[in-house]
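Asks: Okay, here's what each chain looks like letter by letter:
2 protein chains.
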Amino acid sequence: MAHIYDTKNKRLMIDTTTALELVLLHGSVNTNVLEVDLKDGLDYVLAQDVISEIDMPPFRQSAMDGYALHMGDDATYTLVGEVKAGDNNNPTLQKGKAVRIFTGAPVPITANTVVMQEKVTVEGTKITIEEPLKENTNIRPQGEQIKLGGVAINKGTTIKGVHIGFLASLGVTKITVCKKPSIAIIVTGNELKSAGTKLSYGEIYESNGAMLTAVLNELGYQNTSVITIKDDYGKTKKVLNDTIGKHDLVIVTGGVSVGDYDFVGKAFDEIGVEQVFYKVKQKPGKPLYFGKKEGASIFGLPGNPAAALSCFYIYVYPLLKKYEGAEHTSLPSISLPLLSDYSVKGTQAQFLKARIEAAGVTILGGQGSAMVRAFGDANALVCLPVNSTEIKKGQIVKTILLPFK
Amino acid sequence: MAHIYDTKNKRLMIDTTTALELVLLHGSVNTNVLEVDLKDGLDYVLAQDVISEIDMPPFRQSAMDGYALHMGDDATYTLVGEVKAGDNNNPTLQKGKAVRIFTGAPVPITANTVVMQEKVTVEGTKITIEEPLKENTNIRPQGEQIKLGGVAINKGTTIKGVHIGFLASLGVTKITVCKKPSIAIIVTGNELKSAGTKLSYGEIYESNGAMLTAVLNELGYQNTSVITIKDDYGKTKKVLNDTIGKHDLVIVTGGVSVGDYDFVGKAFDEIGVEQVFYKVKQKPGKPLYFGKKEGASIFGLPGNPAAALSCFYIYVYPLLKKYEGAEHTSLPSISLPLLSDYSVKGTQAQFLKARIEAAGVTILGGQGSAMVRAFGDANALVCLPVNSTEIKKGQIVKTILLPFK
Numbered sequence: 027m028a029h030i031y032d033t034k035n036k037r038l039m040i041d042t043t044t045a046l047e048l049v050l051l052h053g054s055v056n057t058n059v060l061e062v063d064l065k066d067g068l069d070y071v072l073a074q075d076v077i078s079e080i081d082m083p084p085f086r087q088s089a090m091d092g093y094a095l096h097m098g099d100d101a102t103y104t105l106v107g108e109v110k111a112g113d114n115n116n117p118t119l120q121k122g123k124a125v126r127i128f129t130g131a132p133v134p135i136t137a138n139t140v141v142m143q144e145k146v147t148v149e150g151t152k153i154t155i156e157e158p159l160k161e162n163t164n165i166r167p168q169g170e171q172i173k174l175g176g177v178a179i180n181k182g183t184t185i186k187g188v189h190i191g192f193l194a195s196l197g198v199t200k201i202t203v204c205k206k207p208s209i210a211i212i213v214t215g216n217e218l219k220s221a222g223t224k225l226s227y228g229e230i231y232e233s234n235g236a237m238l239t240a241v242l243n244e245l246g247y248q249n250t251s252v253i254t255i256k257d258d259y260g261k262t263k264k265v266l267n268d269t270i271g272k273h274d275l276v277i278v279t280g281g282v283s284v285g286d287y288d289f290v291g292k293a294f295d296e297i298g299v300e301q302v303f304y305k306v307k308q309k310p311g312k313p314l315y316f317g318k319k320e321g322a323s324i325f326g327l328p329g330n331p332a333a334a335l336s337c338f339y340i341y342v343y344p345l346l347k348k349y350e351g352a353e354h355t356s357l358p359s360i361s362l363p364l365l366s367d368y369s370v371k372g373t374q375a376q377f378l379k380a381r382i383e384a385a386g387v388t389i390l391g392g393q394g395s396a397m398v399r400a401f402g403d404a405n406a407l408v409c410l411p412v413n414s415t416e417i418k419k420g421q422i423v424k425t426i427l428l429p430f431k
Numbered sequence: 027m028a029h030i031y032d033t034k035n036k037r038l039m040i041d042t043t044t045a046l047e048l049v050l051l052h053g054s055v056n057t058n059v060l061e062v063d064l065k066d067g068l069d070y071v072l073a074q075d076v077i078s079e080i081d082m083p084p085f086r087q088s089a090m091d092g093y094a095l096h097m098g099d100d101a102t103y104t105l106v107g108e109v110k111a112g113d114n115n116n117p118t119l120q121k122g123k124a125v126r127i128f129t130g131a132p133v134p135i136t137a138n139t140v141v142m143q144e145k146v147t148v149e150g151t152k153i154t155i156e157e158p159l160k161e162n163t164n165i166r167p168q169g170e171q172i173k174l175g176g177v178a179i180n181k182g183t184t185i186k187g188v189h190i191g192f193l194a195s196l197g198v199t200k201i202t203v204c205k206k207p208s209i210a211i212i213v214t215g216n217e218l219k220s221a222g223t224k225l226s227y228g229e230i231y232e233s234n235g236a237m238l239t240a241v242l243n244e245l246g247y248q249n250t251s252v253i254t255i256k257d258d259y260g261k262t263k264k265v266l267n268d269t270i271g272k273h274d275l276v277i278v279t280g281g282v283s284v285g286d287y288d289f290v291g292k293a294f295d296e297i298g299v300e301q302v303f304y305k306v307k308q309k310p311g312k313p314l315y316f317g318k319k320e321g322a323s324i325f326g327l328p329g330n331p332a333a334a335l336s337c338f339y340i341y342v343y344p345l346l347k348k349y350e351g352a353e354h355t356s357l358p359s360i361s362l363p364l365l366s367d368y369s370v371k372g373t374q375a376q377f378l379k380a381r382i383e384a385a386g387v388t389i390l391g392g393q394g395s396a397m398v399r400a401f402g403d404a405n406a407l408v409c410l411p412v413n414s415t416e417i418k419k420g421q422i423v424k425t426i427l428l429p430f431k
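First to last, the sequence lines map onto chains F and L. Residues are numbered in the working numbering as their position in the first sequence, beginning at 1, plus a constant of 26. Residues are numbered in the working numbering as their position in the second sequence, beginning at 1, plus a constant of 26.
Isolated chain F (complex conformation):
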């Protein structure tokens, strides 16, 4: 597999499905776990199943404000007490007796149904039920949501706010999660200038580092750093070598094309990065590179920001999830009707910035590799297979949902 970097070798160009498979097959996987307070668990992936230490609900719970009854032979019952939420009394009800009860309160063991207050006429301590009774109505059985010893949340789940809520309801205070990757972003190019300074002719502001950092932070990856290097072969080699040993994931943007000053591929080869693939039959992102060395995964993304970001969502995102042992690796996708005709340029597979609307999906204008602007309006990527031509309004297209808040 190693040492097959060859800018002239077109035979190595692979399809998008194979590329993703190779990323998931060769990408590095985390083996370190850590224990975090439940409240700090957001965005981590669970490293082991969380087992419930209680039944939930922990007791038979009234689902209504009303009356708990020991069902008798006629519609009239005698009130013998009251149970509020939080009460720990458990009055014994003989047949024909009832207690006033409230939502969330424990239903007395001797009660066999709860009737909602709207269906009851009260006169002193006598109540009359206005509807036919059925056993176990309006009662949440003990352990209905989960039983003691049951798996509350599976290993591999990425923790969302709602999971924190559910685990809190089980009394969980700590969870064991996978360590997140340390990520280095290396941006290359003589033309890159830092913001806050004035551009000379031929210069542009560096934005891939800022963009990828922000997108990673957005997804819950905070352990990131950005390194900028000029188009200098010696320096490129040295920085790559120094960086790869120190991080779990290295993302390089630019320098992987076939220009005379694109030193990254050559440097990868020379410092012993094992190339998994280089070049994918796709637009944007044809010169995508993926390799590995000493437990680190290494991506070479295009220098054009929009192309880099598409490749990030299609290939880097799944690798991050796989690294953490997540059950789902790729972004969710859905089949949707296209809302207007689209004429495909080129024969490669396409990832097109798109916007999901109520009725379907629209491919946005400004698809150029450098045009990151349209990405700001996008909430999805439409995927078209190789050799697509004219796509007509109403045709069903595969649509990848982009993360949002």
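It should be emphasised that the hints constitute simulated quantities derived from the structure, not laboratory data. Certain hints may be false.
Here are the computed lysine to any residue pairs in the SDA-like style, where the Cα-Cα straight-line distance is at most 20 Å [stated by the list, open to error]:
1. L:K312 to F:N243
2. L:K65 to F:D295
3. F:K348 to F:P429
4. F:K256 to F:G222
5. L:K219 to F:Q168
6. F:K123 to F:K173
7. L:K307 to F:L390
8. L:K65 to F:I253
9. L:K431 to F:L50
10. F:K224 to L:K307
11. L:K424 to F:R381
12. L:K200 to F:Q168
13. F:K173 to L:K219
14. F:K312 to F:N413
15. L:K431 to F:P429
16. F:K173 to L:K173
17. F:K371 to F:L390
Given the structure is predicted, the values throughout are model-derived calculations rather than measurements.
Following the hints, position chain L against chain F.
Replies: Then chain L, alone, in the frame of chain F:
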């Protein structure tokens, strides 16, 4: 509008559309802005348009590795130099002359097209072009993405990672955003116990506070606090009164139903909260309360966690976005085919925890108001209008996408 809190008054029950309209009409709106570093801008809403101070690209930029030509009369050109990315030389090309050029480099003003290197044969300083030429090919015009003075991102946009990338490319270092709301979450109920202690009979672990805090944090709202109160009228009134003056948004869970110990509605009334509505024809979340006082918006959500969370996404999320002046307030929704039959219980409008798959949407099991577990598997809410009955597989349903990372 004020003082119409009446637990017996069923006439006030409104439909879901009206409820949302009233939330957006009466909800408080932020008037404070702050300036933040671009890199810290994630999840804020822009308080004013960001105007570009440069053309982007700032010069005519080569989109390819190849040759920039001053088009002549035949297919052969004389090479007179080289322009790399980052170079600031601007060689003058006579007709029939060419320079070697690389992606991202400034195209000489006197060149009128760029031809990719794969279409060129080179012999010393002579190059022969193997394809018909067209003016301005492979050149990104100056200002193609945006021109100096143009609006880069509109006021009301919620800043995502990609926006940070785009603004970085324009040299922007600071943005003016809306202040985020200060949010108090008040959880009520005698039955609530803190995690880390043992439950007595009749008690459950407090989870709404933990859940709503986590869900708010997940959305980028960090300024939250949780207050727990027992079912005690005096205390409820005092805490509500103290809290409302200090926060922009107050979310109370539980205590707004019609039980004898549901003190929240009565307390709202007595401390002068202006009720906007109470009770919505929906499931879950019928006893939803919304009111306002002194610039604060006040929600009374159901005590059942799953019902509280549904109401959060349908009503509180839009209010948060409106408060910040966001262009889009509600979560995005889409029409999708149902993947299996579903039998509706009740006549109210329904918000059902659901999972979007490639081919459509499945309504999940465990829809009970207390069943927060199914929410963990959900990535959407299916909305069914009032009086829905049997929904058949293949029928198109309105599906609200839930935020995800």
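Asks: Checking against the hints above, which ones are violated?
Replies: 1, 2, 6, 7, 10, 12, 16
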